[in-house]
Amino acid sequence: MKKILLVDDEDGIHLLYREEFEEEGYEVVSAYNGDQAIEKFQEEKPDLVILDINMPGMNGIEVLRRLKEISPELPVILSSAYTEYKQDFGSWASEEYIVKSSDLTELKNAVKKYLQ
Amino acid sequence: MPELRKDPILGRWIIIATERGKRPTDFIIEETKTTGGFCPLCPGNEKTTPPEVMVYGRVPGMPPNSSSWLVRVVPNKYPALVIEGELDKQGEGLYDKMNGIGAHEVIIETPNHNERFSDLEPEQMTLVFTAYRDRIIDLSKDSRFSYVMVFKNYGRAAGASLEHSHSQLVALPILPRMVVSELAGSLSYYRYKDRCIFCDIIRQEIQQNVRLVCENDEFITVAPFAPRTPFEMWILPRKHASSYSEIDQQGLERLAAIFKESLGRLDACIPNVPYNFVLHTQPLRSEPLEHFHWHFEIVPKLTSIAGFEWGSGFYINPMPPEDTCRYLQEAGEKK
Chain A
1 MKKILLVDDE DGIHLLYREE FEEEGYEVVS AYNGDQAIEK FQEEKPDLVI LDINMPGMNG
61 IEVLRRLKEI SPELPVILSS AYTEYKQDFG SWASEEYIVK SSDLTELKNA VKKYLQ
Chain B
1 MPELRKDPIL GRWIIIATER GKRPTDFIIE ETKTTGGFCP LCPGNEKTTP PEVMVYGRVP
61 GMPPNSSSWL VRVVPNKYPA LVIEGELDKQ GEGLYDKMNG IGAHEVIIET PNHNERFSDL
121 EPEQMTLVFT AYRDRIIDLS KDSRFSYVMV FKNYGRAAGA SLEHSHSQLV ALPILPRMVV
181 SELAGSLSYY RYKDRCIFCD IIRQEIQQNV RLVCENDEFI TVAPFAPRTP FEMWILPRKH
241 ASSYSEIDQQ GLERLAAIFK ESLGRLDACI PNVPYNFVLH TQPLRSEPLE HFHWHFEIVP
301 KLTSIAGFEW GSGFYINPMP PEDTCRYLQE AGEKK
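Just so you know, the sequences run in chain order A and B. Number 89 in our numbering belongs to position 89 of the first sequence; there are no gaps in the numbering. Number 277 in our numbering belongs to position 277 of the second sequence; there are no gaps in the numbering.
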């Protein structure tokens, strides 16, 4: 079973995404901030990371650059409610930048694309 | 007594708050926080960028997007404007709108992650200026575009999001307001005096030598009469030319030389100051213009824009350009 690490500081996102992605047949592990994300990444060895950007402490782009330094081939999907982080060229290290929406089709398709 | 000064091209007023008597050391530059980690612009990570549209210094025989290069130009991975589609200009009542068509590209100025633009070797900097020229020429073939804006943000306070040295260009389907104002202001002067205002500025600044930072055989750097910020500098070709894309190889080399000299002096006065520079050139597909003169404007990020500036369009500058020029001249003498 492919494993997704979900990094977001909002409980609601974890509840929703966990339900949706488990239904799609993935295992979902959770982290609520950047430090926890790096820790969980090393423990759990996920196949893909869904990463929020606007989080307390280390932001998602800093986490992304740290994760990619450890594992350049790891697919990371940035998932943010904001588009302005697209201006940060650090975001280029991600495979996709998806703006959060109640419709998860785009996110699910991106996950499928990288976990096939 | 503070002084109001008028920019002769734009008619923009600024306030020189002379009584504050600032020195370069009075400016506190926040140390740039570098996050480190994986860099999408570094050699070896080419697949994290879109495929390059231009490259310089690739070892012959090496494939496109491989890791041997000196300067690389790539489209923005997450662009604000998109290259595909038609403009589809529309009116909505009295308002105008069109599709967000444009080209947004990133010029990766060096393969070395920690090398600053001002520290590039002259040959490397020449390649960067060559890339600007070649991209403008290439994008001018696209009839949807009216203008190519080339700019650099250095330092997080000036808008740079990644420490790996890069600049950007945006090809636009409309002329930016600033360009329209500059063209109109310089045309108005030309109609009145039958001379290019920039050529007149060059002549006067050389003659007066109070705002002349440095010069070489093809270019001069001046602290403009009405600068928006302390240590603002303009780099102008001595010989009249309205289009940057006409610059030849020797011009590119001399431009790199004066840029390096000017930024080196700025760095000596205020180490590691964040700045923006912007190329001002004529619109695409325009005939050569007698009244307009291409140039670069370097604007250090030393002041903030607040309510008064937004409301009035005035800038408040705590240092007269004659003072900053003196510091910049002295910095050159010490080198």
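It should be emphasised that the hints constitute simulated quantities derived from the structure, not laboratory data. Treat the hints with care, as some may be off.
DSSO-like cross-link-like pairs, simulated, lysine-lysine; straight-line CA separation at most 30 Å [stated by the list, open to error]:
#, chain 1, residue 1, chain 2, residue 2
1, B, LYS141, A, LYS86
2, A, LYS100, B, LYS141
3, A, LYS40, B, LYS97
Incomplete in silico selection of chain B near chain A, CB under 8 Å [stated by the list, open to error]:
#, residue
4, GLY37
5, PHE38
6, TYR78
7, LEU81
8, LYS239
9, HIS240
10, GLN249
Every value quoted in this text rests on a predicted model; they were computed, and no experiment measured them. A virtual CB, placed ideally from N, CA and C, is assigned to each residue, including glycine.
Tested hints:
About 28 Å separates the Cα atoms of LYS141 (chain B) and LYS86 (chain A), which keeps this hinted pair within 30 Å; it holds. For the given pair, LYS100 (chain A) sits about 37 Å from LYS141 (chain B) by alpha-carbon distance, which is inconsistent with the 30 Å threshold. For a cut-off of 30 Å, the pair hint linking LYS40 (chain A) to LYS97 (chain B) is broken: about 47 Å separates their Cα positions. With a cut of 8 Å, the hint placing GLY37 (chain B) at the interface with chain A holds, because the nearest CB-to-CB distance is about 3 Å.
For the restraint placing PHE38 (chain B) at the interface with chain A, the shortest Cβ-Cβ distance is roughly 3 Å, inside the 8 Å limit, so the hint holds. Taking 8 Å as the C-beta cut-off, the interface hint given for TYR78 (chain B) holds, the closest approach to chain A being about 4 Å. Contact between LEU81 (chain B) and chain A, as hinted, is not supported at the beta carbon level, the nearest pair being about 12 Å apart and thus beyond 8 Å. The interface hint given for LYS239 (chain B) is broken, as the beta carbon of that residue sits about 36 Å from the closest beta carbon of chain A, more than 8 Å.
With its C-beta approaching chain A no nearer than about 36 Å, HIS240 (chain B) sits outside the 8 Å limit, and its interface hint is violated. Interface hint at GLN249 (chain B): violated, since its Cβ lies 30 Å from the closest Cβ of chain A, which is beyond the 8 Å cut-off.
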